[in-house]
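2 protein chains.
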Amino acid sequence: MKKVTFYHAGCPVCVSAEQEFLNLVDTTSVDVNIVHLGEQKDKISTAERAGVQSVPALVLDNGHVLHINHGATLEEVRS
Amino acid sequence: MKKVTFYHAGCPVCVSAEQEFLNLVDTTSVDVNIVHLGEQKDKISTAERAGVQSVPALVLDNGHVLHINHGATLEEVRS
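From first to last, the protein sequence lines are chains U and A.
Going by this note's numbering, 37 is the number at position 37 of the first sequence; the sequence numbering is gapless.
Going by this note's numbering, 18 is the number at position 18 of the second sequence; the sequence numbering is gapless.
Just so you know, not all the hints are guaranteed correct.
Copies of the same chain are indistinguishable here, so a pair counts whether it falls within one copy or spans any two.
As the list claims (entries may be wrong) - With a cut-off of at most 20 Å between alpha-carbon atoms, the simulated SDA-like pairs for lysine to any residue come out as follows:
no., residue 1, residue 2
1, K2, T27
2, K2, S16
3, K43, G63
4, K3, G51
5, K3, E48
6, K2, D26
7, K3, L24
8, K2, E20
9, K2, D61
10, K2, N23
11, K41, S54
12, K43, T5
13, K3, D61
14, K43, D61
15, K43, V65
16, K3, V65
17, K2, L24
No wet-lab data here; the hints were simulated from the structure.
The shape of chain U in the complex, shown without the other chains:
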């Protein structure tokens, strides 16, 4: 089972990207952990350490980060 984490901040761009991405993923072989950084601000530093620079972003289990669209920066989510 591959594990990926999808970080978003509840903005319309994020939610749309999240749903569209999840529609494509093979959920029988991929375990998707969804983190709403607007509601879970304690996870922002975890996301930063993982290399997340903006949301929405997908952190893969090999450590790579796929930033999707050009959404809100983490600074904008934090404030």
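For this one, chain U is given, so just place chain A on it according to the hints.
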């Protein structure tokens, strides 16, 4: 069957994102068309009309575009 088009330009960022994305997708229900804009320059204007601003990008069958990472702009691919 959902149809999506993945545009890339053969750069390391694109190829890495492509392979990692394809590893997550449910290919039993998603038909992924992969277009290498570096080799198929005639497709650049098609990509632009679809809303692609940078590569790698994924165009969904509902017309939405997910830009992945912040890679090369289309101008850089064209030259």
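Here's how the hints hold up against the structure:
1. When the C-alpha separation of K2 and T27 is checked against a cutoff of 20 Å, the pair qualifies both within a copy, at 10 Å, and between copies, at 15 Å.
2. For a Cα distance limit of 20 Å, the shortest separation of K2 from S16 across copies, 16 Å, qualifies, whereas the shortest one inside one copy, 23 Å, does not.
3. Proximity of K43 and G63 under a CA criterion of 20 Å is satisfied intra-copy only: 16 Å inside one chain copy versus 32 Å between copies.
4. Taking CA atoms no more than 20 Å apart as the test, K3 paired with G51 passes inside one copy only; the shortest distance there is 16 Å, against 30 Å between copies.
5. In this assembly of identical chains, K3 and E48 lie within 20 Å of each other by CA distance solely inside one copy; the values are 18 Å within and 33 Å between copies.
6. With identical chains, the CA atoms of K2 and D26 are at most 20 Å apart both within one copy (10 Å) and between copies (13 Å).
7. With identical chains, the CA atoms of K3 and L24 are at most 20 Å apart both within one copy (15 Å) and between copies (10 Å).
8. Within a single copy, K2 and E20 get their C-alpha atoms as close as 19 Å, and across copies as close as 11 Å, so both meet the 20 Å cut-off.
9. In this homomeric assembly, K2 and D61 come within 20 Å of each other (Cα to Cα) only inside a single copy, at 7 Å, whereas the closest approach across copies is 26 Å.
10. For the identical chains of this complex, K2 and N23 are neighbours both inside a copy (16 Å) and across copies (9 Å), given an alpha-carbon limit of 20 Å.
11. For the homomeric pair K41 and S54, the shortest alpha-carbon distance inside one copy (14 Å) is at most 20 Å, but the shortest distance between copies (30 Å) is not.
12. In the homo-oligomer, the alpha carbons of K43 and T5 lie at most 20 Å apart inside one protomer (12 Å), although the nearest pairing across protomers, at 33 Å, exceeds that limit.
13. Taking the shortest alpha-carbon separations for K3 and D61, only the intra-copy value of 6 Å comes in at or below 20 Å, while the best inter-copy value is 26 Å.
14. Only within a single protomer do K43 and D61 lie at most 20 Å apart by alpha-carbon distance; the minimum there is 17 Å, versus 33 Å between protomers.
15. Taking CA atoms no more than 20 Å apart as the test, K43 paired with V65 passes inside one copy only; the shortest distance there is 16 Å, against 27 Å between copies.
16. For the homomeric pair K3 and V65, the shortest alpha-carbon distance inside one copy (13 Å) is at most 20 Å, but the shortest distance between copies (24 Å) is not.
17. When the C-alpha separation of K2 and L24 is checked against a cutoff of 20 Å, the pair qualifies both within a copy, at 15 Å, and between copies, at 8 Å.
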